[in-house]
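Protein chains in written order, with the numbering used here: chain Z, 1 to 175; chain U, 176 to 700; chain H, 701 to 895.
Don't take each hint at face value.
To be verified - Heads up, incomplete: computed chain U residues facing chain Z, CB under 7 Å, no partners named:
| # | residue |
| --- | --- |
| 1 | Ala-617 |
| 2 | Arg-618 |
| 3 | Val-636 |
| 4 | Gly-684 |
Simulated from the structure, these hints should not be mistaken for lab results.
What you are looking at is a predicted structure, and each value in this text was computed from that prediction instead of being measured.
Beta carbons: idealized from backbone N, C-alpha and C, even for Gly.
In case you want the letters, here they are:
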Amino acid sequence: MTATLLAAALLLGLVALGLGALARRAGADVDLAARIDAVLPQTQCGQCNYPGCRPYAEALARGEADIDQCPPGGDAGAHALARLLGRVPKPVNPAHGTPGPRVVALIDETTCIGCTKCIQACPVDAIVGAPKLMHTVIAAECTGCELCLPPCPVDCITLVPRAADAAAVPTRSTA
Amino acid sequence: MLLQPFHGGVRLPPHKPGDAAPAPQSLPLPPELVHPLPPPGASGACAVTVGQRVRRGEMLAAAADARGAAVHAGSSGTVTAIAPRPVGDGEATCVVIATDGRDDSAPLPPLADWRELPRERLLERLAVAGVVGLGGAAFPAAAKLAAPGTILILNGAECEPWLRSDEALLCHGAVEVLAAAQLLAHLCRATRVLLALESRMHGARAALQAALAAPGAGGVELVAVPTRYPVGSERQLIRVLTGQEVPSGGLPRDLDASVHNVASAVAAWRAIVHGEALTERLVTLGGRGVRGAGVYRVRLGTPVAHLVAHAGGYTDAAARLVLGGPMMGQAVAHDAVPVLASTQAVLVLGADELRAAAPERACIRCGDCAAVCPAQLLPQTLLAQLREGELEAAAQQGLSDCIECGACAWVCPAQIPLVQLYRDGKSALQVQEDERARAAQARARHLARAARLARDAAERVARVAARAPATAPAAAQPAATAPATPAAAATTAAAPMDKAAVLAAIARGRARRQAAAPAGREDAP
Amino acid sequence: MSDVLALLFGGVLVHNLVLVHLCGVERVAAIAPRPLHAVLALGLFATLAAALVAPLSWTLEHLLLQAPVLSTLRPATALLASAAGVGALHGGMRLAPAALRALWRRQPLPAAPDAALLGVALLAPALARDPAQALLFGAACGLGLGLVLVLFAGLQTRLAATQVPAPLRGAPLALLSLALIGLAWAGLAGIGDRL
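Based on the sequences and whatever the hints tell you, model everything.
Structural data, given as structure tokens:
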């Protein structure tokens with residue numbers, strides 16, 4: 001009887017230790033929202049019906065949002081979210097937008113009137129300018145969220161495909 | 176010396192008749208030399224202009240980043256163009272030189288007293304001379320030699336079939352190789368110098384031993400490694416010679432070792448002792464599809480067509496043109512491409528020397544691929560993961576450790592193009608990493624903006640509170656978290672805007688919108 | 701000592717809940733590909749639950765069901781014991797430290813006892829001779845369940861990347877695998893003959 005009790009206590013002790021270790025490991029990154037946010041493309045476009053990527057991540061962590069609401073992440077992004085959250089993978093819902101090639105905004109400088117409305121709208125401060133002075137988009141920082149297009153009163157902003165990055169992709173290891 | 180085996184590898188038919196490589200033959204100067212600019216290939220980095228006369232060894236363009244190397248003219252002549260030209264299986268901006276036949280050179284001052292000079296000076300000379308690795312990867316030698324290593328390994332284990340460029344150098348230039356070994360040993364501060372040969376290179380071994388017997392030479396240990404592909408690969412060679420494995424993601428310098436191709440060593444020696452920039456290399460011409468197979472001394476920038484034509488031209492059996500070896504080389508569609516520093520060989524293979532074309536079939540899980548992988552990876556698992564698009568899982572399985580040797584594809588009975596798949600996977604991983612970096616940058620900017628807005632709002636509230644009694648409380652507005660909220664009137668300029676001009680611009684914009692509407696433009700969401 | 705070993709081996713291998721007694725098959729067949737630490741946590745919680753259920757069931761059986769006619773009530777006492785055990789675990793988790801609670805909330809055991817715990821409740825009184833043995837046996841059964849969960853989660857991860865014919869995808873293939881592995885497991889019968 002005592003031997004069995006001891007053995008049982010030992011076993012359950014090990015189980016408790018194991019659970020403790022797993023809990024500590026899970027506790028280290030218990031901020032699920034942060035982990036989801038790390039996978040999102042950070043376009044801050046609002047196509048998911050949330051005011052930015054972090055609110056969407058938090059909604060996903062709470063279980064209120066679905067994984068198919070992010071068009072800039074594309075189907076690959078939805079797949080990554082599914083894997084992260086342990087849900088069934090599904091493609092992006094067309095009701096939120098269609099995934100497409102990456103674009104950046106381009107201001108037509110002949111038409112721009114310097115009203116700063118686009119500067120205020122940009123969620124990543126990628127537009128440089130001042131009142132009554134020329135506005136221009138820093139292409140390297142533009143995420144293609146398209147939030148600057150509606151506020152422009154003269155409709156001088158268009159979207160152009162993003163130029164390929166200059167850095168060459170290595171195709172061989174350093175053998 | 177006790178040698179260790181390395182995991183996997185395959186025995187390949189060598190296609191190298193005889194014990195010794197043939198003596199390198201010279202090649203008449205081509206009428207035109209084509210030199211690709213170092214990456215990123217911006218023509219603005221070019222140091223010469225169209226119409227300028229250049230001499231052999233004159234710098235055409237400096238290296239733009241740590242991965243590139245300076246490019247030098249292969250012979251004297253006039254620059255006729257700086258334009259995109261076919262290079263390999265793609266295109267690059269190249270400096271095109273019409274040679275004048277005189278072959279004047281512009282050497283750098285020789286540094287015969289290199290033993291007394293500081294290391295930095297010698298490394299600088301190597302960078303200026305554009306010396307790169309001649310074993311196929313073309314990595315800048317100065318960067319590689321910058322890290323000292325106790326063990327210096329000179330890699331003469333040319334393991335790909337048909338390739339005999341290094342072997343020819345060892346057979347017929349053994350004295351230079353040993354002198355170069357001493358120079359590199361000095362640069363690396365090496366206490367032990369090993370020269371690795373394949374066990375089948377009897378002629379090279381004899382030549383080197385004869386050269387070692389001469390007075391003054393010495394300090395180099397000759398080691399014959401088993402002839403098994405890919406023993407000439409840096410990591411596998413280190414494993415064989417030292418028994419240690421270069422860690423995943425690491426470099427030979429982590430094991431205090433340094434591996435250099437024998438031809439690279441000689442190029443470095445020439446650059447320092449004779450002041451010669453890197454302008455030529457030994458190229459093996461082989462395969463049943465070309466006459467005059469052998470080893471040639473070719474100027475960098477020589478069109479492949481010129482090399483083949485001088486050697487005797489194509490035969491009727493010609494089926495495929497390959498730059499480099501049959502396992503790791505590049506098949507090209509035509510011969511109007513230049514010989515580069517990385518071109519160890521030009522092979523014109525006949526149809527019977529190629530694997531019979533067969534359709535790709537499903538993986539039968541035979542496991543032969545894992546048995547031969549020198550990097551001890553699981554090609555089968557990588558295949559399944561990459562086919563499913565599981566990039567992170569593939570990265571965890573060690574995709575980045577693949578040396579792209581092609582042994583797995585060689586043995587695969589289902590003819591699956593494994594190496595192409597792994598290359599695509601590596602590119603996709605790189606793209607994903609770049610995207611993540613961009614996203615992190617965007618996130619940081621977004622947070623900074625939110626902080627700025629909050630700070631502005633707080634300052635506004637404080638200002639209004641300081642003014643306190645008369646002003647209405649409605650002036651203080653907390654900043655909204657939604658990004659599309661326009662800021663308060665604080666940002667408007669002091670001078671009134673020209674209303675007429677603004678109204679005219681708005682009308683222009685409206686007119687443009689109406690004109691574009693029937694054509695159907697892309698809508699904002 | 702030999703008792704302890706027999707109980708341990710019995711619980712984990714010989715009387716494996718899923719592979720030998722086919723309790724809790726639905727949980728294993730439906731398991732989605734998951735990272736190892738998530739499945740481990742599931743298995744360890746199952747072990748705790750089983751360790752609570754088994755002595756309860758044993759006590760109920762040996763206190764209440766002594767008369768032969770009352771043995772027909774065994775399913776009822778088993779249900780009662782499983783429900784009590786799971787309920788106790790849920791209650792216990794509410795008092796647990798925050799990190800453990802977070803782990804629990806990610807994938808809690810269902811409040812209604814599933815077939816695996818019912819299986820433990822039915823096996824324990826039959827195979828254990830006192831409450832302490834029941835406790836050990838229950839824990840061992842839970843570990844066996846955890847073992848199979850880990851095995852099958854890994855299997856599903858591998859299968860997710862392969863080209864399974866459409867009719868067999870998902871549950872059918874999982875059940876087939878279960879059956880084949882169960883066949884192999886039958887070879888372990890007989891270890892610890894005391895039991």
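Original post:
Does Val-636/U meet its interface restraint, that is, does its C-beta lie within less than 7 Å of any C-beta in chain Z?
Top reply: violated, 19 Å
Original post:
Minimum Cβ distance from Gly-684/U to chain Z below 7 Å?
Top reply: holds, 3 Å
Subject >> Given hint Arg-618/U near chain Z, where the shortest CB pair must fall under 7 Å >> reply: holds, 5 Å
Original post:
Minimum Cβ distance from Ala-617/U to chain Z below 7 Å?
Top reply: With Cβ-Cβ at 4 Å, under 7 Å, it holds.
The earlier numbered hint that this structure contradicts is number 3, and it is the only one.
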